[in-house]
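Chemist: Here are the chains, one letter per residue:
Number of protein chains: 2
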Amino acid sequence: MPQPSRLLVNTGTGKGKSSAAFGVMGRAWARGWKVGVVQFVKSEKWQVGERKLASHLGIDWHTLGDGFTWESTDMGETEARGRHAWDVAAGMIGSGGYDLVILDEVTYIVRYGWISVEPLVEVLQARPARTNVIVTGRYAPDEIVAIADTVTEMVKVKHAFDQDIKARKGIEY
Amino acid sequence: MPQPSRLLVNTGTGKGKSSAAFGVMGRAWARGWKVGVVQFVKSEKWQVGERKLASHLGIDWHTLGDGFTWESTDMGETEARGRHAWDVAAGMIGSGGYDLVILDEVTYIVRYGWISVEPLVEVLQARPARTNVIVTGRYAPDEIVAIADTVTEMVKVKHAFDQDIKARKGIEY
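Chains as they are written, first to last, in the numbering used here: chain A, 56 to 228; chain B, 56 to 228.
If we strip away everything but chain A, and leave its shape as in the complex, we get (with noise of 0.2 Å):
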């Protein structure tokens, strides 16, 4: 019997729940794992470092808004997008086609009110024996700290923004 894939959870109002996770990126990748980046907080400016280098090792990602086309309905652009990435994510997992997949900064659109709670539990507690899965954002759900096997919080001792530096490029995007 295969031995139980993991779920991570990083949460907390610290630095480098994604960072962490895009570390782990790295190691799958040494691996030789099959890794999947869906990422939920779109910013052009922020992450794209990532993405650049998800890119150069092969690593399929997904940024909120990928291959997304606005149709009216009665929910907000917004809230359709977060939508479409959680259903992008889902598919990743449920395909049994990943060792690891990284749902960077999923837990806003629980937070936001895009999705709720237990679809994501469903989806997560279905998860294939081989595929592990990390979770990063700020207020992770009681009820997938619940079902996760490692929960780290990430908590800020000081912060150089409180001393009013500039966010550096390289190492804060």
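Careful: at least some of the hints might be erroneous.
[To be verified] Some chain B residues judged to face chain A by a derived CB distance under 10 Å, without partners named:
#: 1; residue: L63
#: 2; residue: S74
#: 3; residue: G104
#: 4; residue: A145
#: 5; residue: E208
Because the hints were derived from the structure by calculation, they are not lab data.
Note that beta-carbon positions come from the ideal geometry of N, C-alpha and C, so glycine has one too.
Go by the hints and put chain B onto chain A.
Modeler: For chain B alone, kept in the frame of chain A given last:
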């Protein structure tokens, strides 16, 4: 006037201290930065993934014991290796040739009493304006925290090891 370089510290007993540093390593690579890594805790099993990735990305890497020839002195071999790794790290930082230097688990050489904290503080404070430094490891000394720009404590909320699940290749090492 150049923006001053940053000193980041990832400490605490939770997961993700080194992973977050290696996530930043990837981001820095994507920005075209010159990166150096010194690992102060040697392990054949752990962290080989990061070294493989670093090698692939053309990042300078030194692990405790690399290039070290043991000559009997009044200190133990382990201590001598630790001091040698610190000399390599101090040389990297002082050279001015790096945009980012990662001192992975450097806190242990202080914890174990191989190096006092003063030379660390001295080298870190005298770092070139170009050279950002990330310090990782449990028990970050107060003197390092005091001079850091950003300090994050990784707090264990829940850990798979507590539940007797074996470390899984790719995720844990």
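Chemist: Against chain A, is B:S74 within 10 Å by beta-carbon distance?
Modeler: holds (3 Å)
Chemist: Holds or violated: is the Cβ of B:G104 closer than 10 Å to a Cβ in chain A?
Modeler: holds (4 Å)
Chemist: Does B:E208 meet its interface restraint, that is, does its C-beta lie within less than 10 Å of any C-beta in chain A?
Modeler: holds (4 Å)
Chemist: With a cut-off of 10 Å on the beta carbons, see whether B:L63 makes it to chain A.
Modeler: holds (7 Å)
Chemist: Was the hint right that B:A145 lines chain A, CB cutoff 10 Å?
Modeler: Status violated, d = 21 Å.
Comparing the model with each earlier hint shows a violation of hint 4 alone; every other hint is respected.
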